[in-house]
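From first to last, the protein sequence lines are chains D and G. According to our numbering, the first sequence is numbered sequentially starting from 1. According to our numbering, the second sequence is numbered sequentially starting from 1.
No false leads were mixed into what you were given.
Covered stretches of chain G (chain D as the covering partner; in silico rule of three or more C-beta atoms under 8 Å from a C-beta of chain D):
| no. | region |
| --- | --- |
| 1 | 44-54 |
| 2 | 206-213 |
Dumping the calculated DMTMM-like pairs for lysine to aspartate or glutamate here, alpha-carbon to alpha-carbon at most 20 Å:
| no. | chain 1 | residue 1 | chain 2 | residue 2 |
| --- | --- | --- | --- | --- |
| 3 | G | 25 | G | 12 |
| 4 | D | 263 | D | 315 |
| 5 | D | 88 | G | 50 |
| 6 | D | 92 | D | 55 |
| 7 | D | 263 | D | 83 |
| 8 | G | 97 | G | 70 |
| 9 | D | 92 | G | 45 |
| 10 | D | 88 | D | 57 |
| 11 | G | 215 | D | 131 |
| 12 | G | 215 | G | 237 |
| 13 | G | 215 | G | 50 |
| 14 | D | 263 | D | 190 |
| 15 | G | 25 | G | 59 |
| 16 | D | 88 | G | 72 |
| 17 | G | 25 | G | 38 |
| 18 | D | 88 | G | 38 |
| 19 | G | 213 | G | 152 |
| 20 | G | 97 | G | 78 |
| 21 | G | 213 | D | 131 |
| 22 | D | 263 | D | 318 |
| 23 | D | 92 | D | 118 |
| 24 | G | 213 | G | 45 |
| 25 | D | 92 | G | 50 |
| 26 | D | 88 | G | 45 |
Label-pair restraints from in silico Cβ distances:
| no. | chain 1 | residue 1 | chain 2 | residue 2 | range |
| --- | --- | --- | --- | --- | --- |
| 27 | G | 149 | D | 74 | 49 to 55 Å |
| 28 | G | 70 | D | 76 | 30 to 36 Å |
| 29 | G | 100 | D | 94 | 55 to 61 Å |
| 30 | G | 83 | D | 14 | 24 to 30 Å |
| 31 | G | 216 | D | 137 | 27 to 33 Å |
| 32 | D | 219 | G | 107 | 53 to 59 Å |
| 33 | G | 98 | D | 94 | 52 to 58 Å |
| 34 | G | 122 | D | 77 | 47 to 53 Å |
| 35 | G | 24 | D | 61 | 31 to 37 Å |
| 36 | G | 82 | D | 14 | 23 to 29 Å |
Hint data in this document are derived by calculation from the structure and do not stem from the laboratory. Glycine residues also receive a C-beta, built at the ideal position from the N, C-alpha and C atoms.
Listed here are the chains, written in short residue letters.
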Amino acid sequence: MFCTNCGSPVQDNANFCTACGSAMQHAPVQPPPRAPEPPPAPGGVETACPWCAAEIDASRLSCPRCGATLQAPPVRSASGWIELPGRKDMAKLQFGDSFCQIEGLYVPVADVNLGGSDSIYFTHHILLWKDPQVNITTMPLAAGWKRMFAGLPLIMTQAHGPGHIAFSRDAPGEMIALPLQPGEEVDVREHLFMLATNNVAYDWFSTNVWYTTQSGNDNETHYPVGMFMDRFSAPQAPGLLLLHAAGNVLVRDLAPGQTILVKPTALIFKDPSVQMQLHFEHPRSGFSMWGNWTNRYYWLRLWGPGRVAIQSVFDRMEGENRNLSSCSSATEQRW
Amino acid sequence: MTDATQPAEPLERIQCQWCQGMNQKTALTCHTCGAPLDIRNLVSESGWREAPRLRDMTEFQFSSSTCQVEGEIVPVAEIHLGANDSVFFEHHIMLWKDDNVPLTVLQLPGGLKRAFAGMPFIISVATGPGRIAFSRDATGEVVVLPLHPGMELDVREHAFLLASHQIDYSFVRVKGLTNILFGGQGMFMDRFVTTNSPGLVLLHGYGNVFERKLKVGESIMVEPGAFLYKDSTVTMEVEFQRLGTGFFGGANMSLARMTGPGRIGIQSMYVHHHTE
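Could you put together the complete structure from these sequences and hints?
If you want it as structure tokens, here you go:
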């Protein structure tokens, strides 16, 4: 150990520092971890999870539906963004007869223990490991060939219980558990989806957010939030949706008519009631000869009411420095 | 002179649950692998144990050298080499060194057949006394694996940070073991074998690292990008699962069937270093 006063190395059991003479503080011996509390009698105090609003036992340390820690209040920035709730390593969620344990803190792994009658679907390239007896099959998707991922057709794969199967993505970030209640819907930017329970319906729609750029005779169309957006809903029974975002995740609720500008590639998910549109911003420049230059910022304008979530690591957009020739409906600001 | 009537103080030792090294009962970290001894192991219900999260600035020893692991997001392994101790490593992961630490090249049979990022694949050797430090290029964990005589370890290519000189190094090519996104070109696997004395291998796993002990005949299917290391007693066979989408053809998914007995380590993030 080291002296807290002068930083010199000292013997672990020394009472005084040999270099400066100050008394050494020994950390008190930690008492052994207390045995887990016995489960409370039925009819105990109920509370609502601040993240997913599930009704849960007030004595629980984490929400069994979304894994959020219940001991700390939500962390809210002065501007109103709420951080994804903390999660203890190895936190466990439950859905149907199945459990999902989220392991690791840098690039978390979703380790699913599927019950005999449960199944989930996922995009095939995120599989990490599985028990040999867990059967995987492809899921028929209407017009699935329209969707591509890294040059390969997007394939939705199903896994059937019983057994263990685990998933992870390839970026440091956070796992987001979104329990969906019957009738609830959420729109997710493409390629952020990890897995969903089989009772979650999956559909997609055109984002209709695009711009074309021109360079010589080359015309290119760009889709800053993707050509399609995934929409997940729980038509009859409650379901669970797991997403993975890069970096840290921030969520906020927009009031009706409230708008906010976000980087298009930072968007993770939104309520279907939230509308989106392009916004261009031109900073004032002293050089008039730059009049035709493409110095502008690209934003995605989000309109309330509804919930939106962003991630702190996001990709650069393509074509940002080229000449814009046309775009979907957009607002503009020249400073 | 010892008093025969006085009972000798009982020899209390704590065994490290990661490397099985014995430590004094007052130790807070294992002196052989740096694992914290005062916190509970994190084991998932499916049996994976999280690699010990080394406390920042943890130190541990091997032969007459010391290793200190610095930082937590992209950790640095800093080696203080004793005289005549040496370590070998891939040259592009050196972070800094004392200028008087000599560097030589390990002679490898077949090394010219293997290239990394357009450069020939070279294993370099640093010999003490002096300091040299290493880090890889993305978020992850340093995995400390002390090896005892008779142990053999297979490691995915470009995953090892360094190994001490008591360890023999070779590599084999495994066909078909590549992530579906990168074509089926296969990859190399580094093989570390201890000679007569114990040695040390340090790996860098991307994301989080988990280890599981497979029983005899127990097997598990692992995505090739997740495989990090295994005992050589664990067999690995590549199996293809056809993901057909009717008449659009579909894709093949390759999974590695790992069968015990032995340890298998996986990483949760896949950073692809292209094999040429």
